[in-house]
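Hey, can you work out the whole structure from these sequences and the hints?
For what it's worth, the numbering used here labels the leading residue of the sequence shown as 1, then goes sequentially.
Keep in mind the hints are simulated off the structure, nothing from the lab.
Incorrect hints may appear among the rest.
Said to hold, decoys possible - Derived lysine-lysine pairs resembling BS3-like cross-links, with alpha carbons at most 30 Å apart:
id, residue 1, residue 2
1, Lys67, Lys141
2, Lys141, Lys70
3, Lys70, Lys128
4, Lys67, Lys160
5, Lys160, Lys128
6, Lys160, Lys141
7, Lys67, Lys91
8, Lys128, Lys112
9, Lys45, Lys141
10, Lys91, Lys128
11, Lys141, Lys128
12, Lys128, Lys67
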Amino acid sequence: MRITNNTITYNFLTSLNKSLERQNAIQEQLSDGKILHRPSDNPVKTIRSLRFNTNLAQNEQFTQNLKDAKSWMDTTDGAMSDLSSIMTNIKELVVQASTGSNPQDAIQTIGKSVDNLINQIVTIGNTKLGDRYVFAGQNDKTQPFTRNGDIITYFGDSSKISMPIQPGVATPTQDSVNLSGVEVFGANGNEVLNHLLEIKQHLDSGTTEDQVWLSNTGLGYLDADHASILQSHTELGTRMSAYDMALNMMEGQNVVITGDVAANEDLDIPKAIIDFKTSESIYKTALSVGARIMPPSLVDFLR
1 MRITNNTITY
11 NFLTSLNKSL
21 ERQNAIQEQL
31 SDGKILHRPS
41 DNPVKTIRSL
51 RFNTNLAQNE
61 QFTQNLKDAK
71 SWMDTTDGAM
81 SDLSSIMTNI
91 KELVVQASTG
101 SNPQDAIQTI
111 GKSVDNLINQ
121 IVTIGNTKLG
131 DRYVFAGQND
141 KTQPFTRNGD
151 IITYFGDSSK
161 ISMPIQPGVA
171 TPTQDSVNLS
181 GVEVFGANGN
191 EVLNHLLEIK
201 QHLDSGTTED
211 QVWLSNTGLG
221 YLDADHASIL
231 QSHTELGTRM
241 SAYDMALNMM
251 EGQNVVITGD
261 VAANEDLDIP
271 KAIIDFKTSE
281 SIYKTALSVG
291 ARIMPPSLVD
301 FLR
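Here it is as structure tokens:
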């Protein structure tokens, strides 16, 4: 087999270039600590990396949804606790007013206290998280409750606000995070409030007949309405517990997937440094050897 000077030169330069490419590839990996920079670096790892990162992005979105949902429900939970306390206070005042020994002016004074508490309930009904009203259903950009004298109007709706927390279609019964005004305050979003206004009107009148009504119908309204509010609050608490568990599970999955991504993409720095030094040494050796094996040419004799 005839080997020409060109063949020797070509083979040497090809090997030298491969050694330089290897050295450059390791240097590129060391610059950012990552194994993969293009699909051709490792097709199998690239496919695996795409799958891991897709799963991680999806999980991070669900995690954010869970955190947003918890913020919404925490705000609602606080408002419901305040509402329950006010309902208890109103009942105590009505019990006090329904006692037969109270004079009319004392009952009317209690009516003013109840009126102030009704205003507080309207304020609670207009609780906001950011720029959204938590008891307005899906009409959460509009203030849901307004009071004009003895008329309280609900401008929200009874729709659920859903935040998907897992792959698949969101189901309102499972993924809803809100309590609408209808759920909390009864039919049309103001039934409970209308009962309270009626109680206030009887307190304002303060007659013996009013006291009888308060001790029977009025307290009956309060007991039933408070029980309904507590039921809604309990259902919210159950959902909050489920979301806490889901958030813990999702955060655990994120840790696992992040570890998988790191194991698939992160560079073994100590090993890469050794490989780089080895490649550098091989390259320098190749240059030294090449200087000896390269055949002399006419140029060498013309110096």
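How the hints compare with the structure:
{"no.": "1", "hint": "Lys67 - Lys141", "verdict": "21 Å, holds"}
{"no.": "2", "hint": "Lys141 - Lys70", "verdict": "19 Å, holds"}
{"no.": "3", "hint": "Lys70 - Lys128", "verdict": "14 Å, holds"}
{"no.": "4", "hint": "Lys67 - Lys160", "verdict": "18 Å, holds"}
{"no.": "5", "hint": "Lys160 - Lys128", "verdict": "16 Å, holds"}
{"no.": "6", "hint": "Lys160 - Lys141", "verdict": "14 Å, holds"}
{"no.": "7", "hint": "Lys67 - Lys91", "verdict": "36 Å, violated"}
{"no.": "8", "hint": "Lys128 - Lys112", "verdict": "27 Å, holds"}
{"no.": "9", "hint": "Lys45 - Lys141", "verdict": "47 Å, violated"}
{"no.": "10", "hint": "Lys91 - Lys128", "verdict": "27 Å, holds"}
{"no.": "11", "hint": "Lys141 - Lys128", "verdict": "9 Å, holds"}
{"no.": "12", "hint": "Lys128 - Lys67", "verdict": "17 Å, holds"}
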